[in-house]
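If you use the UniProt record's numbering, the sequence shown corresponds to residues 1 to 357, in order.
It is worth saying that the hints were derived from the structure and are not from the lab. Be a bit skeptical, because a hint or two may be false.
Claimed, not checked - In silico lysine to aspartate or glutamate, EDC-like type, Cα no more than 16 Å apart, as pairs:
(1) Lys90 / Glu36
(2) Lys97 / Glu66
(3) Lys232 / Asp78
(4) Lys11 / Glu45
(5) Lys11 / Asp30
(6) Lys48 / Asp20
(7) Lys134 / Asp62
(8) Lys325 / Glu235
(9) Lys325 / Asp62
(10) Lys90 / Glu66
Stated by the list, open to error - Restraint ranges, calculated between C-beta atoms of paired labels, are given here:
(11) Gly260 / Arg288: 29 to 37 Å
(12) Glu45 / Pro77: 52 to 60 Å
(13) Leu141 / Gln101: 57 to 65 Å
(14) Gly75 / Glu279: 23 to 31 Å
Small disclaimer: the values here were computed from a predicted structure and weren't measured. Just so you know, even glycine gets a beta-carbon here, dropped at the ideal spot from N, CA and C.
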Amino acid sequence: METARQLPSGKWQGRFTGPDGKRCTAGTHDSKRKAEKAVALKLAEVTKKRSEQEAKTETRFDVFAETWLYSRRPGEPDGYSPGGYYKQQKRLAILIKTFGQQHVEDITAAQVRAWWNGYSHAPCARRDIYGLLKQIMAVALDDELISRSPCRIKGASKAMAKPRPTFTESDIASLYFATESAQDRALLTLLSGTAMRIGEAVALDWEDISFFDRKANVERHLTPWGMRSGTKTGENEARVLALPTWLTDELENLYRASEGTGPIFRNQRGGRLSVDSAERMFRKLRERAHLSAMHLHDIRHVSLTTYARQPGVTLKDIMARGGHKSTKVAMGYQHTDTERDEAMVASLPNPMARKPS
Numbered sequence: 001m002e003t004a005r006q007l008p009s010g011k012w013q014g015r016f017t018g019p020d021g022k023r024c025t026a027g028t029h030d031s032k033r034k035a036e037k038a039v040a041l042k043l044a045e046v047t048k049k050r051s052e053q054e055a056k057t058e059t060r061f062d063v064f065a066e067t068w069l070y071s072r073r074p075g076e077p078d079g080y081s082p083g084g085y086y087k088q089q090k091r092l093a094i095l096i097k098t099f100g101q102q103h104v105e106d107i108t109a110a111q112v113r114a115w116w117n118g119y120s121h122a123p124c125a126r127r128d129i130y131g132l133l134k135q136i137m138a139v140a141l142d143d144e145l146i147s148r149s150p151c152r153i154k155g156a157s158k159a160m161a162k163p164r165p166t167f168t169e170s171d172i173a174s175l176y177f178a179t180e181s182a183q184d185r186a187l188l189t190l191l192s193g194t195a196m197r198i199g200e201a202v203a204l205d206w207e208d209i210s211f212f213d214r215k216a217n218v219e220r221h222l223t224p225w226g227m228r229s230g231t232k233t234g235e236n237e238a239r240v241l242a243l244p245t246w247l248t249d250e251l252e253n254l255y256r257a258s259e260g261t262g263p264i265f266r267n268q269r270g271g272r273l274s275v276d277s278a279e280r281m282f283r284k285l286r287e288r289a290h291l292s293a294m295h296l297h298d299i300r301h302v303s304l305t306t307y308a309r310q311p312g313v314t315l316k317d318i319m320a321r322g323g324h325k326s327t328k329v330a331m332g333y334q335h336t337d338t339e340r341d342e343a344m345v346a347s348l349p350n351p352m353a354r355k356p357s
């Protein structure tokens, strides 16, 4: 260890040569012994820090992020649905354009904020992409690659989408009377009467319908990447839905004109109707019904809202029928409208109608 030197003031200064060859100071002290002790402690600290830096392996963002996302592929524990995985891949591709060549350890909060500000042209997409970046950095933090996440933008997770218009049973009726085929009427009636997701509806075979006890078995769903077991919430999820009489009547009409087996809803070549084809059919239908702002998924909202208004229906009932695991998501399907408000007000009692005795 280097010897401490005494300054003209009488104080003792500790100096040493660090691992990088540079001269360093350990401060000034009242005695030589204290100065030498400070040198020993400071040298040990600097040496340890340098050893940690040399042992540290830098990790490229694109490699780290792609490896993590692959571990969340469909079928893996805690994996995404096929649709969700595809969306995350698209979002990651956007992040890689900016951060791909950088090391995870080198990404700063200022760089993340600069990306955020530069992506202001698409606020909804930006929120979802940022959410993925935040997830990736949380994993890096757990892996001790970084000591603090650079994702610190306040309010970044707030919903940016504009409120969707609310539709009612009368809008569903307008769609029904604008249909041009028995299959379109049956599909619309099925969605309205069960609140199924469109992928669940087009995945149905006639064998899944019991006309005797008016039940439908939802055990799989069709996606753009093929048929998947279970529902959107999980491959082991399935549910049995009771069917209203007016729905079974519509399905029986279609059944009598069918082969009685295989897919209920078919394309022009006789194969199973795809989700995209159902969407195209609906877009034409909504134009004929003068409901251009309506989405096919809005039928599910109307159906669950109507179901929730039935006497005795609980939140648990709504979640079971809609196939929801989250109460927050289930409540997002509950809507009100001016007509219902007027009907409720009409039945309100007047507390001033009778003078208290």
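task: Tell me, in ascending order, the numbers of any earlier hints that this structure violates.
output: Hint check: 1, 4, 9, 12 and 13 fail, others pass.
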